[in-house]
Amino acid sequence: MTVSRTRRISAAALALALGTAGILAATPASAVTERVLTTDWWWSDVTDEGMIGDAFPFYEDYLGSGVDVEGFTDDAFDDFLQISADVTYGVTTLPLDYAGVSRATVGGLTTIVASATADFGDGVSVVVQRTLELQGSFARWSWTVTPTGATAAEFTIVEDGNLGSDEDSVFLGSGATRVSYEDGGNDPIIGYSFANMSPTVADGDDDVVVTFTGDQAAVLTVALWDFDPCSFDAALAAAQAALPTLAADFGDALGSFYAEDCLTVETPALVSGATDQRLDIIESADLESNWDYLYGGAIADPEDGLTFVVLDAPAGLSFSLVADDVDNDEPQLRMTGSPTTGGEVRLLFYYTDGDNFYPLEVAFDVEVGLAATGPSDVAPAVLGVAAAFLGAGALLLVARRRFARR
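What the sequence shown shows, in mature numbering (1 follows the signal peptide of the UniProt record, and there is no 0), is residues -31 to -1, 1 to 375, in sequence order.
Any given hint might turn out to be false.
[Stated by the list, open to error] Computed spacing ranges between beta-carbons, pair by pair:
id, residue 1, residue 2, range
1, Asp293, Ala164, 53 to 59 Å
2, Thr86, Asp281, 55 to 61 Å
3, Glu229, Ala284, 22 to 28 Å
4, Asp221, Glu336, 39 to 45 Å
5, Asp152, Thr214, 23 to 29 Å
6, Thr305, Glu136, 46 to 52 Å
7, Ser167, Asp293, 56 to 62 Å
8, Asp322, Leu141, 31 to 37 Å
9, Ala222, Thr86, 33 to 39 Å
Treat the hints as calculated values from the structure; they're not laboratory data. Every residue gets a Cβ at the ideal spot worked out from N, C-alpha and C, and that includes glycine.
Work out the full structure, taking the sequences as your base and the hints as a guide.
Here it is in structure tokens:
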């Protein structure tokens, strides 16, 4: 697949989607394509015929940061399921050209109904209704077959969906459940439940083909998993573990797999009073090896779109991104202030080019020494004895530690 930033969401489009979510909007459909927002996922180019153009993760107010941000994975589909399908009666195969019937969003569930008719002549015809439902991390298609002049079992329907993983598609599992992923890429991991249908899939082939007869209550359920470059194995294991109950779990938000140590910050020196430290921002090996694929190079300077928000920090501390004071190659985190108590710092790093993407949470501890904590509870006499033992050399060492990162 080719990574593209064309999936960016405009603020106006997002506001419109969020403003209409939860409102019943059943209307006759006419080749309309829209984006559908569910919990943690944005489904793009969703047609009134029940086809999804693509899907990618989208997190509102991520980690309570006030930032809406897109995840790491992208390009789940290249049209799934197709607008047209085939139906066979006897030795004759005809196209099923779906047309939209209705489209409704109630709460977090979007339902799209489409219908197609095939006339075989001699009084034999069939109407196939296809329903697409979108909720949480899931999409689900179901079919109702209404025959005339024959039994439903005499009609065989074949439908096809195309994946974004292209020739790098890999499938795991067998029977009624499967998992697919893009080998070496960043497409979402996809789980499948094939109920009352026969799937045809193969490694290196991006087509998912389902076949069923009209008397079967055919249902195809798919679920998506997002992951950062450090968490593919964990996400794949979770997807495989979810397969036995995948259909029953429809509508759940499956969350993301983001590692706490994918991006880290150098541990600050002990803070005693005012501090001004430059801390290295450290990429894990997995993250570093994927930056070229995802973003065209190493972790970028602020000028290239890297930014952050503070999720939590001890009072009295401020943070900013600055150029590395040694080689000016990669940014550093500058920490300044005069905190009186230590604690955990939590930051959300992400990229922005008008929209926000690739979120990475970073956490580290700040320790505060005696000079920043105010008057001591230790008796003055005891302090005098301690000072005598420390001596001038030890005091100099403390001073050097205090200002080592200035």
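Okay, the hints, checked on the actual structure:
1. Asp293 - Ala164: 53 to 59 Å: The hinted range 53 to 59 Å holds for Asp293 and Ala164, with Cβ atoms some 55 Å apart.
2. Thr86 - Asp281: 55 to 61 Å: holds, 59 Å
3. Glu229 - Ala284: 22 to 28 Å: About 24 Å separates the Cβ atoms of Glu229 and Ala284, which means 22 to 28 Å holds.
4. Asp221 - Glu336: 39 to 45 Å: The hint (39 to 45 Å, Cβ to Cβ) holds, given that Asp221 and Glu336 are roughly 40 Å apart.
5. Asp152 - Thr214: 23 to 29 Å: Holds, at about 26 Å.
6. Thr305 - Glu136: 46 to 52 Å: 51 Å Cβ-Cβ, so the 46 to 52 Å window holds.
7. Ser167 - Asp293: 56 to 62 Å: Since Ser167 and Asp293 have Cβ atoms about 57 Å apart, the given range 56 to 62 Å holds.
8. Asp322 - Leu141: 31 to 37 Å: This hint holds: roughly 35 Å between Cβ atoms.
9. Ala222 - Thr86: 33 to 39 Å: holds, 37 Å
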